[in-house]
Amino acid sequence: MNALAIVQIVLYLAVLVALVKPLGWYMARVYEGKPFGLDWALGWLERLIYRAGGIDPAREMSWKTYTLAMLAFNLLGLLAVYGLQRVQHLLPLNPQGLLAVPPDLAFNTAVSFASNTNWQSYGGETTLSYLTQMLGLTVQNFLSAATGMAVLVALVRGFVRRSSQTVGNFWYDLTRSTIYILLPLSLVGALLLVSQGVVQTFREYQTVTLIEPTHDAGGAVVTDQTIALGPAASQVIIKQLGTNGGGFFNVNSSHPLENPTPLSNFLELLAILLIPAALCYTFGKMVGDTRQGWAVLAAMLVVFLPLAAFCYWSEQAGNPALADLGIDQEAGDRQPGGNMEGKEVRFGIAQSALWASATTAAANGSVNSMHDSYTPLGGLVPMWLMQLGEVIFGGVGSGLYGMLVFAVIAVFVAGLMVGRTPEYLGKKIEAFEMKMAALVILIPPLVVLGGTAVAVAGDWGTASITNPGPHGFSQVLYAFSSAGNNNGSAFGGLGANTVFYNISLGLAMLAARYWLAIPVLAMAGSLARKKATPASAGTLPTHTPLFVVVLVGVVILVGALTFVPALALGPIVEHLLLAG
Amino acid sequence: MVLSLLTGVVYPLLVTGVAQLLFPSQANGTLVYENGKPVASALIGQPFDAPRYFWGRPSATSRVPYNAAASSGSNLAPTNPTLLKFVRVRIETLRVADPGNKAPIPVDLVTASGSGLDPHISPAAAEYQVGRVAKARGMGENAVRQLIVERTERRTLGLLGEDRVNVVQLNLDLDRASR
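Residue numbers (the working numbering), protein chains in the order written: chain A, 1 to 580; chain B, 581 to 759.
One or more of the hints may lead you astray.
[To be verified] Derived contacts from chain A toward chain B, CB cut-off under 7 Å, selection only:
| no. | residue |
| --- | --- |
| 1 | 195 |
| 2 | 200 |
| 3 | 208 |
| 4 | 226 |
| 5 | 537 |
Since the hints were derived computationally from the structure, they do not count as laboratory data. The C-beta atom is built at its ideal place from N, Cα and C for all residues, glycine as well.
Bound conformation, chain B alone (with noise of 0.2 Å):
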């Protein structure tokens, strides 16, 4: 009883304590402000479809995607027909909407995430998609190419993970540089 109170009381409230105290933005889901609103978690992806944002990883969460209330993954098979028609969908969706484009499409930006909720995409997804965005705002690619390398996040220590763009901020920073 004791034990319970202590690893089920003493030990959260003593951790939210200090992790409030020392830790206050990222306890609280490193939310985004803008103009005082939260707008977004810098670590929750959002559904675009719009020509003038960068689009996320396909989302396989229920009812709307980036449900951030219901994370969820596809659970489908590579042996699934469900998962090629899907992905043969999306492949579709990125050549019309850049038609242009014939340069093969970074595998990341045809496949759900596995929480449904990535805010990232590699560097080759974000490269690939600079043409269309750059057309639809009028801007050069260049500046926004320049505004990828901003949001780029490296590999920990050179080493850890991958190098990944955050797709949020960088869509917030485009709202930004258009206005």
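Isolated chain A, as found in the complex (with noise of 0.2 Å):
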């Protein structure tokens, strides 16, 4: 291993942790109502928008009511882009005059944004006008988030009331984590990316003269280069900070104009893993011991740092296909050698290792190199990272829910072992919370090998193979663990822009996302009903080392045991036929 790589990888880390009880502790006094500052300069804005909403932010909801509100807004959200992206030819701000996007590919992206997947079967600035970008894309990319965010937060109440029928209010939640959290952020983050030299304008694309001509596939002499420009930095910086990873242009943060500089990658990618590291904080604040925030970020990160660094091993180590070709590919000073087919050169190894291992690990699914191209290994990393169900950090909010969820089977199976009643965070863990549970951890599993199996059962999934032998079964595999985890990062040739794939993955991040958000919702009121049980000689502390070894076990055991024999046909058999 290169030693700038160890680094690279130890500072990021080290940035991500200390940032993590500063803005944990912030969060949690928005979602508490206490005063932090910022509600006094902008206090009137929240009014402003219940006001506008006939809301009163103050009238607590069952779980029932919350699960509604919630639904019915991201149903309300998700026929908002569809219907933009359906009549884009006929709005302002089109300067290319795009045309309409078929009703598939609609469909998908719609669902895409409003799940937080962001799965791109569009393609940026070939398919969307700057009006759809903006009014359908970015503010779902706040809005799915803030979604995530208000779910969790639900689900902490739960644990944190005695005896209640209520977790909140839904459009309370909803509004503070946009404007308070979510907004200050990135505003700040898009200017600092724009000082990199990523794009924010209206004006049309630019053309510039060639400085060499050149010859299109026709033989046909060029002389031009149209530049695709657009509003970006406002979109880019809230994709990563709400785990959306949706691009402003096709190649998404492997573009130069998306991430121009080593140091927007630093930030982007800060941004990817921030919100989700420090809800952990957020959340022991508000249930009262942040030890127990601690144990469960210290539980994904023990998860997190070993594959980024087996990814980075495996992406240094080179292609050996082109071995013996006279080739260099040793990492140096003057190179960053390595398998650099679909990375970069101002990124080189270790920033896109980093950043494959992160985006899966959180559900954000933004990329910076081509993960297509990866090494077999390398490419199993994120493939397993988004298999082991979005908890490794996962998306804002979902990511610790889910998390939350192992936790409280963590403490059921260690129960079953000494023969206890189970207890999590003073609450007694009983019949229906396993049953919520039991769902929560089984249909992302269903969802993904259930559609691997139809696609690559057919014509109508195969037809859009581009890689030949096991790494096309790969391409599949990856295109419905992304779906179904609602993670959005894509084996990008794959050619996903067909009828059966927009249906088929709009349908499976539908499933992955409110199939899972109702069974937390509905434990979160069962919970918040219970009585809080006093903590005993026989109560299983959450906040030791011990628990944490626990949780990693549940974990890994559930994604080694459902998805080993799918990895061991993709990129395992790859590995073999290209070592071997």
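Hints in hand, dock the two standalone chains.
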């Protein structure tokens, strides 16, 4: 391993962990309604939103009302994005005269952004007008993220409250997440990105005269280059912060105008894990024991770090198929070396592999290198991180509520081993909670493996495969792992813009998002109704290293047992072919 | 509805306004002008295949290489025979353009970038091409190397990313030096 690469990975995690406490503390104040400074400056805006929507933020909701509000709000967002795409050719802010988006693609994109997946079947600069990007995608980037945070806060209240029929007010959580957390961070972040060269303009695409004329595929002389522009920075920062990941441009954050320098890369990378990590502290603060939050964060880091390092190692080792062609793949002071197909020189291997791991650990899905061209084992890491259920950091809100469900299962398993009634954070875990938890961990594998099986069973799915052999299977498995866990990254070669994939992946995203959020809210409602059980000698403490080990064990066991057979057919066979 | 207007209209407009005010060049694509005409974005690569220019990364964009209106990577798997075929052709092209050069070729010079628009190559990939460019232009190799050093961007804080050479800027410098 290259020393500078290790330093880059360690520095990244150090900065991340240093920010967890301040931001986590701030977010806890936001949700608990305690003063935090910004409410004083922006309170008028919050009140304006409530008044315009006819909302009483103090009115408490039962889990069912909360769920209905969440679903209705998301359905509305989905319809708005679908409608915008279908009529974008009639609307302003479309300087390139882009046409209406076809129905299956518009459905896929609408679901993709409402469900915080941000799978890109669309092509960014070639498909969507500036207005669609802003009023459709940027809005959903904020609101789907805020939805995830709201559901998490409801679950946390379930642990905190005693004998209560209610879990909070959805509109209150949604509004405060947006205007006090996501908007201020995005404003600062977007301007920092512009300073590095991320574009932010409403001008039409820029044409420049090429320094040396070239030829197109048909042999005709080409003397100009048309450079796609747009209001990118404002969307790029929120796609990162909100673990959305849908790019402004087709190639996402490997595009030089979306991610121009190593510094912009570091900022965007930090933004991927920032809120999911800090929410662990928020959770600890709200349940009155920050050690609980640190324990969950520790479990996430324990899984993340070795996988990121393994991904880096595999990519830096390079492509054995190119070994005897007279090419230099060795890393050094003067070149990144390694497997550079699909990667950018300014990022090299370390910043690319770290990004690939972070974006799939979190349910982000933005990319700064093309995962399809990764070595088999390098590509296995992002795929498996998604298959673990997006709980290692995961989506903003959704990752932590997924991880808390795993924590509930972990105390249940530990309880069975010693023959005690399982408790978590002073609440008894009983049959209803376990049923809901089982739903949460079983639905994504069902969607991923079932979807992959249907896709590879016939021409409708296999015709889109672009790489031969086991890698072709990996492309399909990756697509359903991504959609079925609301990640959004892809093995991009797969020609996924077909009716079959647009619809099937759209349904997978819907199932993975809402079939999980509903049982989680049901669990929140059930927990909130319970009395607190005082800790006794028989209670398993859930802030200790021992519990971290148990939690990691449960996550890995579920992930490994479910997916190893499928992984063996894809990346593992491919690796053996390449190495042998 | 108010939230939609806030995040979908007010917020992007606010960012655009402030960005255009504080960073007018960056916000509009970091364009490079020659005689008042835009000739390039400093951040977007261009295709080069004449011996007198430094060549950038191979580009996998459709219709024409470095198509900056439709960014794309190759998405070829490491096991794909097509990738191997492409790499062989690129090696052959480099060797033919510079028959005397027997040095191993830096990997970034024969593999397609993620965006298809990468404006950079590694310093090693630039060094590999020095002999060819100097000969084609009748310049001294050290004069060419000096220009490379001037267009080498270092790792941020000596840590982040990689050292890299901006091919577009370097080729513009070469043309200016030859005039």
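Status of the hints after comparison with the structure:
1. 195: holds, 5 Å
2. 200: Interface hint status for residue 200 of chain A: holds (4 Å vs cutoff 7 Å).
3. 208: Holds: closest Cβ of chain B sits about 5 Å from residue 208 of chain A, inside 7 Å.
4. 226: With a minimum Cβ separation of about 4 Å from chain B (threshold 7 Å), the hint on residue 226 of chain A holds.
5. 537: violated, 49 Å
Violated hint: 5 only; the structure is consistent with all others.
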